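**Student:** Use the sequences and the hints to build the structure in full.
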Amino acid sequence: MDTAITLGVDGEVYRLTVDTRTTLLDALREQLDVTSPKKGCDHGQCGACTVLVGGRRVLACLVLAGTADGAEVTTAAGLADGDSPHPVQRAFLDNDAFQCGYCTPGQVCSAAGVLDELAAGWPSNVTADLTTEPAASRAEIAERMAGNLCRCGAYVNIVAAVEQAVEQATEQATEQAAEQTAGQARR
Amino acid sequence: MRPFTLATATDAREAVRLVAGDPDAAFLAGGTNLVDHLKLGVATPGALVDVTRATSAEITDLEGGGLRVGAAVRNSDLAADRRVRERHPMLVRSLLGGASGQLRNMATVGGNPLQRTRCVYFQDVTTPCNKREPRSGCGARGGYTRYHAVLGASEHCLATHPSDLAVALAALDATVHVLGADGERSLPFTELHRLPGDEPERDTTLAHGELVTAIDLPALPPATRSTYRKVRDRASYAFALVSVAAAVELEDGEGWVREARIALGGVAHVPWRAHRAEAVLRGAEPTEETFLAAAEAELVDARPLDGLDGGNAFKVPLVTRTLVATLRELTQERES
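Chains L and Z are the protein sequences, given in the same order.
When the letters of the first sequence are read in order and numbered with UniProt numbering, they come out as residues 1 to 187.
When the letters of the second sequence are read in order and numbered with UniProt numbering, they come out as residues 1 to 336.
Just so you know, these hints were derived from the structure itself, not from any lab.
All values reported here derive from a predicted model rather than from experimental measurement.
We put the CB at the ideal spot given by N, CA and C, even for glycine.
Check the hints yourself; a few may be wrong.
Stated by the list, open to error - Quick list of simulated restraints, FRET-style, between CB atoms: (1) L/Ala178 to Z/Leu40: 45 to 55 Å; (2) L/Arg151 to Z/Gln332: 54 to 64 Å; (3) L/Ala173 to Z/Ala284: 48 to 58 Å; (4) L/Arg151 to Z/Asp124: 17 to 27 Å; (5) Z/Gly183 to L/Asp81: 50 to 60 Å; (6) L/Ala139 to Z/Glu86: 16 to 26 Å; (7) L/Ala119 to Z/Glu86: 14 to 24 Å.
Unchecked claim - Reference listing, derived: stretches of chain Z covered by chain L, where coverage requires no fewer than 3 residues with Cβ under 8 Å from a Cβ of chain L: (8) 26-36; (9) 93-99.
**Tutor:** What follows is the structure, encoded as structure tokens:
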């Protein structure tokens, strides 16, 4: 049985017809040729299909495309700002945070989600005091990235890369806040 | 995968009408378990009704410090809520101890307690399973039983309930609001799930077409300390071997136990409310001996299983140690 949906994917708008059994992952890869999200386990266990939907990281293999009508999907291929890579992408390159690369688009999207969740002050299972804003320690990053498996075992460098990306994002936010304050003072 | 129709319900009444009137229909919320079951052939509905827009996605204050959590609230949003983090550490830890960041962003508070067991025989359609296919037999009996029940199992089913959140909700005395074809009703969370008996295909006491619309979290006395401790085969992203949700209130914050609420995960077909352990604790001094006596009282009827993997007798001492350690953590002065 078919259903018609509209998807925003990495800045493009697509109108397509999908079988109700189609997952978001299969709609992206097989119908739209958006192959950045990967099919690993197809059962929600490996994280290779991680994309951002409405800015939040989710597993595309467990979303029925028919329920994603009107969604704004961002894949790792759409994270960059033009030719300028996303801080997470830059950090993965700087830290050699991959070997074969198959899990990387999912890792990158997941890490982008982690950055936002940390900025919003979300706690994790390793946060000692739930009432505080958690700091981005290596333990916090490893726990938050636990849903992304890497069969090459590049975890050490992945954690380092996310650590760098969090630091850069924090610096950027601080600079922006300072600029805003300065701008307000000038007015 | 069997073909199915897919509808999106924009309010709860419409969702209930669509599912209650069709024995072949099912509600679809976060999809983290059901979509997988569609692929595995464990679930074969002819119609799915997306309910993520049919119920509230808000957390609202109730009189007296309680909170009402809409069924469509995502697990990650409940765990991030400031009020919940301050009032219910046990609940937040149960949420954050479950699944992964991606899955918590998808899973809903209404759907999470209704997820099915992760018994490997239930999920493998080539093996017998009384829960999946009534009267087909039980593949787990004499099979791999590491993740199976030690309390309340029946000859027909040895499965455990997989939700972490449900264990905390059982300990908290939460209330479930349900809408069905005959109207609204509320029930204590501890009455939502049922032991397998001779109908293991029924996980809950809900009728077909009844939709969870909200869950109420009662206020706890301010001096109550609570937490959730989960023991698993790896440090993260794994189901519980055993888990303990506990809330304890001491007289003047340091004396005898005024109130204790405990539930166990990974041990039974339901999130197991530990009434016997609570009775031992209430009115007693919070000592190691009391904690051990509480665990012993709760595990009196434990029936460990044999299995190809050595069985699950390890769960009896593991529950004892985890419960004692959790109670010790909650009743000793914490350095902050």
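**Student:** Confirm or reject each hint.
**Tutor:** Results for each hint:
no.	hint	in the structure
1	L/Ala178 to Z/Leu40: 45 to 55 Å	53 Å, holds
2	L/Arg151 to Z/Gln332: 54 to 64 Å	42 Å, violated
3	L/Ala173 to Z/Ala284: 48 to 58 Å	51 Å, holds
4	L/Arg151 to Z/Asp124: 17 to 27 Å	23 Å, holds
5	Z/Gly183 to L/Asp81: 50 to 60 Å	53 Å, holds
6	L/Ala139 to Z/Glu86: 16 to 26 Å	23 Å, holds
7	L/Ala119 to Z/Glu86: 14 to 24 Å	21 Å, holds
8	26-36	holds (count 5)
9	93-99	holds (count 4)
In this structure, only the earlier hint numbered 2 is contradicted, and the remaining ones agree with it.
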